[in-house]
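S.K.: Protein chains in written order, with the numbering used here: chain B, 1 to 247; chain A, 1 to 247; chain U, 1 to 247; chain Z, 1 to 247.
One should not assume that every hint holds.
A pair holds if it fits inside one copy or across any two, identical chains being indistinguishable in the list.
[Said to hold, decoys possible] Derived pair list, reagent style SDA-like, types lysine to any residue, alpha-carbon separation capped at 20 Å: (1) 108 to 121; (2) 117 to 38; (3) 77 to 44; (4) 108 to 82; (5) 117 to 224; (6) 108 to 161; (7) 108 to 72.
Hints in this document: simulated from the structure, not taken from any laboratory.
Number of protein chains: 4
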Amino acid sequence: MTTVTIWNEFVHEKENDTVADIYPEGIHGAIATALDENGFKTQTATLQEPEHGLTEDVLADTDVLTWWGHAAHNEVKDEVVERVQQHVLEGMGLVVLHSAHASKVFRKLMGTSCNLKWREAAETERLWVTNPTHPIANGIGEFIEVPDAEMYGEHFDIPEPDSLIFTSWFEGGEVFRSGCCYHRGEGRIFYFRPGHETYPVYHQEEIQQVLANACEWVSPNPDAPEIVRGNHEPIEEIDMTDDRSVH
Amino acid sequence: MTTVTIWNEFVHEKENDTVADIYPEGIHGAIATALDENGFKTQTATLQEPEHGLTEDVLADTDVLTWWGHAAHNEVKDEVVERVQQHVLEGMGLVVLHSAHASKVFRKLMGTSCNLKWREAAETERLWVTNPTHPIANGIGEFIEVPDAEMYGEHFDIPEPDSLIFTSWFEGGEVFRSGCCYHRGEGRIFYFRPGHETYPVYHQEEIQQVLANACEWVSPNPDAPEIVRGNHEPIEEIDMTDDRSVH
Amino acid sequence: MTTVTIWNEFVHEKENDTVADIYPEGIHGAIATALDENGFKTQTATLQEPEHGLTEDVLADTDVLTWWGHAAHNEVKDEVVERVQQHVLEGMGLVVLHSAHASKVFRKLMGTSCNLKWREAAETERLWVTNPTHPIANGIGEFIEVPDAEMYGEHFDIPEPDSLIFTSWFEGGEVFRSGCCYHRGEGRIFYFRPGHETYPVYHQEEIQQVLANACEWVSPNPDAPEIVRGNHEPIEEIDMTDDRSVH
Amino acid sequence: MTTVTIWNEFVHEKENDTVADIYPEGIHGAIATALDENGFKTQTATLQEPEHGLTEDVLADTDVLTWWGHAAHNEVKDEVVERVQQHVLEGMGLVVLHSAHASKVFRKLMGTSCNLKWREAAETERLWVTNPTHPIANGIGEFIEVPDAEMYGEHFDIPEPDSLIFTSWFEGGEVFRSGCCYHRGEGRIFYFRPGHETYPVYHQEEIQQVLANACEWVSPNPDAPEIVRGNHEPIEEIDMTDDRSVH
């Protein structure tokens with residue numbers, strides 16, 4: 001069974017009544033419930049815990065980490081960020097959600113600013129499937145409509161995704177690359193745009209379906225080839241030639 | 001000086017007064033004028049000419065071919081389509097415009113159906129720049145707004161572009177990959193969405209700028225490495241090893 | 001259970017004793033045995049059968065088609081090639097083997113010449129894993145060594161692969177993109193280089209493992225979103241705006 | 001005229017006679033001479049200078065930065081690394097050379113370990129052109145042969161390149177992605193493998209040609225569209241709809 005650790009900075013829920021009403025168990029609680037129902041083993045971790053709840057032991061026991069942050073990116077310790085990066089490079093899956101585009105973890109793995117435009121106007125968003133062959137789109141229709149969304153617009157300063165699964169249309173006139181797949185080291189990363197804290201996005205069924213698909217897709221591959229790096233066998237020990245090459 | 005051959009099926013202009021009013025010299029005439037002004041040497045060719053105006057001699061003298069078709073895709077002879085494909089694979093640039101997504105030439109080079117959705121409702125389109133580092137976007141702002149456009153929507157059945165330069169937003173709720181770069185053989189291809197015949201799209205300055213940028217980008221590279229294929233040198237004639245490899 | 005139809009032109013085995021000795025049941029027979037043992041339901045088809053064994057009924061019952069051809073590419077009927085292309089675009093998986101790089105089916109789906117260089121000198125090949133996160137490399141070590149191989153060398157005239165899984169090293173001095181993933185329409189395609197008829201390549205265990213992985217990876221996705229194309233809903237029937245957009 | 005700043009850690013040349021004999025003016029001196037002759041304006045900077053010679057003023061006056069480092073990656077100050085990253089994201093070109101695969105600058109921009117295998121055995125390397133349409137390969141033949149090279153082998157822990165220009169073959173049995181293009185922010189990056197300090201690689205004419213091509217390709221685009229990020233125009237000020245959408 002795939003173990004998913006759901007990380008949330010858990011700040012808005014404690015400071016804003018609207019958010020608390022939508023997510024009484026926290027955003028992490030809502031995501032955990034949804035993933036439980038989809039057959040994952042889940043655990044949660046938040047900013048306020050020692051080492052933000054992401055000790056070496058916790059990460060060693062994590063197949064997939066999901067990350068939601070917004071107001072407190074700078075409070076995340078660099079040491080924990082480096083630990084998360086290291087685990088991703090060694091094969092742990094990572095699902096980066098909404099405003100976590102600007103998290104230290106995502107920016108460190110992307111190498112870019114991950115900046116974008118935004119507008120908070122409760123406008124309609126449509127996430128169109130632009131890669132229907134990808135399993136992250138399984139069970140979805142042609143598009144997902146989010147009735148009230150914060151807008152994120154291009155240009156989004158990210159490396160060109162290895163696969164682009166969703167492209168968003170916003171009522172106010174913008175487009176956005178909303179579902180982006182990456183491979184980094186032996187790990188897989190999926191960035192998924194929806195999830196503003198003042199709208200009940202993570203209660204929407206299609207969004208939960210994509211979260212489950214994404215956790216499945218980024219989960220580690222136990223049969224992957226072992227990678228060998230560093231100083232290699234001396235050339236003379238390699239079995240390479242017979243008389244064909246020295247005519 | 002780069003020679004551009006502007007191909008147009010030239011059907012709507014002769015059958016529809018609205019189109020004739022917008023493009024009294026034909027769509028090819030309008031594009032030729034725009035490219036002339038941008039420093040290209042231009043010539044035109046149309047469906048009705050012998051071999052559709054695309055003889056071996058014409059193509060041998062063409063650096064870049066632009067292609068507009070809609071009503072008469074099936075009247076284009078397979079022999080000419082194969083000739084165009086061959087020239088692209090040998091290095092001729094190709095710019096595919098609007099409804100030519102369904103042309104035989106484009107479908108043959110892509111290998112897919114190139115189908116899409118559409119709607120003709122004179123709605124607003126915004127072509128957002130999603131790759132601002134690419135020279136095809138030079139001189140453009142954040143987006144190009146086309147006030148009256150035919151909608152093209154995803155899913156667009158194309159191979160994933162090598163670079164995606166523009167993503168369109170449509171007033172009616174759809175998105176579309178509107179500016180797509182490909183390499184095929186030694187040639188470069190750019191698909192550019194705008195250009196419905198009943199709207200004066202090719203008279204719009206930013207659209208003309210993109211056409212000029214695209215013709216520049218797809219133009220052949222005279223310094224490209226020569227490709228050698230077929231049966232290779234026998235292995236014993238290759239200078240490869242000294243005693244290091246046979247210890 | 002995934003149904004794999006294994007297509008072979010079945011010419012060399014009947015004309016060349018060396019090949020017949022290596023593949024007494026034909027190349028298709030050897031591949032079928034290997035895939036049977038890996039849990040697939042298999043059936044075979046050859047050039048000599050009516051419609052080359054690839055009737056509409058057979059393809060409708062096929063999840064994955066594997067294709068081996070070399071001496072008789074031109075004898076494959078265009079009508080069958082178009083039928084295969086159509087099924088791939090609708091979701092059937094395709095695994096293209098060795099000299100089938102030059103098959104009509106592969107060239108039609110790629111849009112390029114698919115030419116390369118080659119040399120038949122029984123030299124050593126090493127297929128290095130260049131994408132260890134991809135399931136097609138599952139269960140493989142750092143590289144697969146084929147002791148006696150026909151060389152294929154760059155430049156290989158293909159569209160840039162969506163993922164490059166293997167890169168070959170040849171004793172005689174060349175490299176080659178040996179394991180190439182593509183998405184075309186709703187289908188997935190894998191090109192896999194090894195397989196020269198005069199060497200027992202398909203009896204090698206790691207090669208059989210890759211064949212099984214590839215058939216698994218290209219197999220159709222029953223939960224993929226339904227694609228809608230063609231003329232779209234009229235704009236006024238789309239539920240898109242409320243008063244927010246018309247201030 | 002394009003200004004190239006050539007950075008070198010400049011350690012081996014002062015500690016190892018072999019290196020000093022090959023590069024009496026330092027590796028940076030040899031590269032500067034080659035780029036001067038190819039029409040660039042050059043300046044050099046080294047680790048030992050204040051701020052490693054890469055002050056804000058120097059970078060503000062730099063179109064393209066080339067980076068060679070090996071023995072002293074850890075002595076490069078994080079502050080300077082962040083400054084370089086920022087300039088790349090704002091459009092400065094970057095050419096990363098040989099052992100600088102493990103430099104702080106490259107790893108920060110890639111987000112991965114950038115680890116690889118290696119062997120120092122003066123073996124033959126062939127850099128095969130795998131993307132002959134790219135201007136970085138201009139003027140090169142089918143491959144570049146380096147008679148004495150340090151081997152670098154896969155798996156190379158990098159993000160999949162936006163374009164792969166060269167793939168190396170090594171006499172001892174390995175392959176390597178040797179010429180890798182990336183876009184990060186508004187900047188372009190090229191990683192180029194050859195350049196071990198104990199062999200006269202940067203005196204080789206074809207290598208100098210690639211360096212010049214690369215500096216040309218990564219140089220900033222003065223006509224690129226301006227990027228706007230941050231909080232966007234309120235939705236009601238956007239000119240988007242007329243009566244067509246509210247039938």
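S.K.: The structure should be examined with respect to each hint, and the outcome stated for every one.
M.R.: Now the hints, each set against the structure:
With identical chains, the CA atoms of residue 108 and residue 121 are never at most 20 Å apart, being 30 Å at best within one copy and 35 Å at best between copies. In this assembly of identical chains, the alpha carbons of residue 117 and residue 38 never lie at most 20 Å apart, being 33 Å within a copy and 33 Å across copies at closest. Taking the shortest alpha-carbon separations for residue 77 and residue 44, only the intra-copy value of 18 Å comes in at or below 20 Å, while the best inter-copy value is 36 Å. Proximity of residue 108 and residue 82 under a CA criterion of 20 Å is satisfied in both settings, with 8 Å inside one chain copy and 12 Å between copies.
Taking CA atoms no more than 20 Å apart as the test, residue 117 paired with residue 224 passes between copies only; the shortest distance there is 18 Å, against 38 Å inside one copy. In this homomeric assembly, residue 108 and residue 161 come within 20 Å of each other (Cα to Cα) both inside a single copy, at 15 Å, and across copies, at 18 Å. Taking the shortest alpha-carbon separations for residue 108 and residue 72, only the intra-copy value of 16 Å comes in at or below 20 Å, while the best inter-copy value is 22 Å.
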